[in-house]
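Let chain U serve as the given structure and place chain F on it in line with the hints.
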Amino acid sequence: AQRVTQPEKLLSVFKGAPVELKCNYSYSGSPELFWYVQYSRQRLQLLLRHISRESIKGFTADLNKGETSFHLKKPFAQEEDSAMYYCALRSSTLGRLYFGRGTQLTVWP
Amino acid sequence: DAGVIQSPRHEVTEMGQEVTLRCKPISGHNSLFWYRQTMMRGLELLIYFNNNVPIDDSGMPEDRFSAKMPNASFSTLKIQPSEPRDSAVYFCASSYGSQISYEQYFGPGTRLTVT
Numbered sequence: 014a015q016r017v018t019q020p021e022k023l024l025s026v027f028k029g030a031p032v033e034l035k036c037n038y039s040y041s042g043s044p045e046l047f048w049y050v051q052y053s054r055q056r057l058q059l060l061l062r063h064i065s066r067e068s069i070k071g072f073t074a075d076l077n078k079g080e081t082s083f084h085l086k087k088p089f090a091q092e093e094d095s096a097m098y099y100c101a102l103r104s105s106t107l108g109r110l111y112f113g114r115g116t117q118l119t120v121w122p
Numbered sequence: 130d131a132g133v134i135q136s137p138r139h140e141v142t143e144m145g146q147e148v149t150l151r152c153k154p155i156s157g158h159n160s161l162f163w164y165r166q167t168m169m170r171g172l173e174l175l176i177y178f179n180n181n182v183p184i185d186d187s188g189m190p191e192d193r194f195s196a197k198m199p200n201a202s203f204s205t206l207k208i209q210p211s212e213p214r215d216s217a218v219y220f221c222a223s224s225y226g227s228q229i230s231y232e233q234y235f236g237p238g239t240r241l242t243v244t
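Quick note, the sequences are listed as chains U and F, same order. Going letter by letter, the first sequence gives residues 14 to 122 in this note's numbering. Going letter by letter, the second sequence gives residues 130 to 244 in this note's numbering.
Isolated chain U (complex conformation) (with noise of 0.2 Å):
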């Protein structure tokens, strides 16, 4: 069965303090996964996907197949990127998405 774990309810550290939002997840398939974003009285919006390899806002996460892990990170945390986080996962067969429950991440200046 598809699950996607975060086990950090909340996390905190300090400006400039490097960042690592851990997300496991397993799925018996090829897996698609995504980290999306909620700021504060703001909607909940895609911030990146392993797929595109990409870098947002200074984020980047790699997947680990053989870990079953996505982890976000980030070298340098700043207080603007206080806000949930939620790892996610792609089932190709039905397209939908599986959330985990959310890192609430607070940087503090």
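Derived by calculation from the structure, the hints in this document are not laboratory data. As the structure is a prediction and not an experimental result, all values here were calculated from the model. Please note: incorrect hints may appear among the correct ones.
[Unchecked claim] Beyond 10 Å from chain U on every Cβ pair, some chain F residues (computed):
{"id": "1", "residue": "GLY132"}
{"id": "2", "residue": "VAL133"}
{"id": "3", "residue": "ASP192"}
{"id": "4", "residue": "LYS197"}
{"id": "5", "residue": "ALA201"}
{"id": "6", "residue": "GLN209"}
{"id": "7", "residue": "PRO237"}
[To be verified] Which chain U residues face chain F? A few, computed with CB under 10 Å, are given here:
{"id": "8", "residue": "GLN58"}
{"id": "9", "residue": "LEU59"}
{"id": "10", "residue": "ARG62"}
{"id": "11", "residue": "GLY79"}
{"id": "12", "residue": "SER95"}
{"id": "13", "residue": "LEU110"}
{"id": "14", "residue": "GLY113"}
Virtual Cβ for every residue (Gly too), placed ideally from N, Cα, C.
Okay, now just chain F, sitting in the frame of chain U:
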């Protein structure tokens, strides 16, 4: 485009009352999703439509929940009768499904409180 539109933004109702949430997807999108967000369970998919047809409703909690998509520009999620445990933020999202690009665009959500 104004993006995905949801109404109402806030709804407070008493237990036992019927609640109807509304969603207008982005024009041209052919997939529509209803999600529920709670502190305990995070973001859960309730139901998903493709070309106005329900594809996966396995996330609908029980018979009290129903969803319709009468046309490509409108969908409703109805709860009847509502219960306090239904209190949550309900999101609607739409996308234009393809193998390459599958970004879901979310609405602002409806915060439902059932007393």
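Hints and how they fare:
1. GLY132: Per Cβ check, F/GLY132 is inside 10 Å of chain U; nearest 7 Å; violated.
2. VAL133: Given that some Cβ of chain U is not farther than 10 Å from that of F/VAL133, nearest at about 8 Å, it is violated.
3. ASP192: holds, 21 Å
4. LYS197: Holds, because the least Cβ-Cβ distance between F/LYS197 and chain U comes to about 18 Å, which exceeds 10 Å.
5. ALA201: F/ALA201 is indeed farther than 10 Å from all Cβ atoms of chain U, at 17 Å.
6. GLN209: F/GLN209 is indeed farther than 10 Å from all Cβ atoms of chain U, at 25 Å.
7. PRO237: About 6 Å separates F/PRO237 from the closest Cβ of chain U, which leaves it inside 10 Å; violated.
8. GLN58: holds, 7 Å
9. LEU59: The hint holds - U/LEU59 has a Cβ within 10 Å of chain F, the shortest such distance being about 5 Å.
10. ARG62: holds, 8 Å
11. GLY79: violated, 24 Å
12. SER95: This hint is violated: U/SER95 lies away from chain F, its Cβ roughly 18 Å from the closest one there, beyond 10 Å.
13. LEU110: holds, 6 Å
14. GLY113: Given a least distance of 7 Å, the restraint on U/GLY113 holds.
When the structure is compared with the earlier hints, violations turn up for hints 1, 2, 7, 11 and 12 and for no others.
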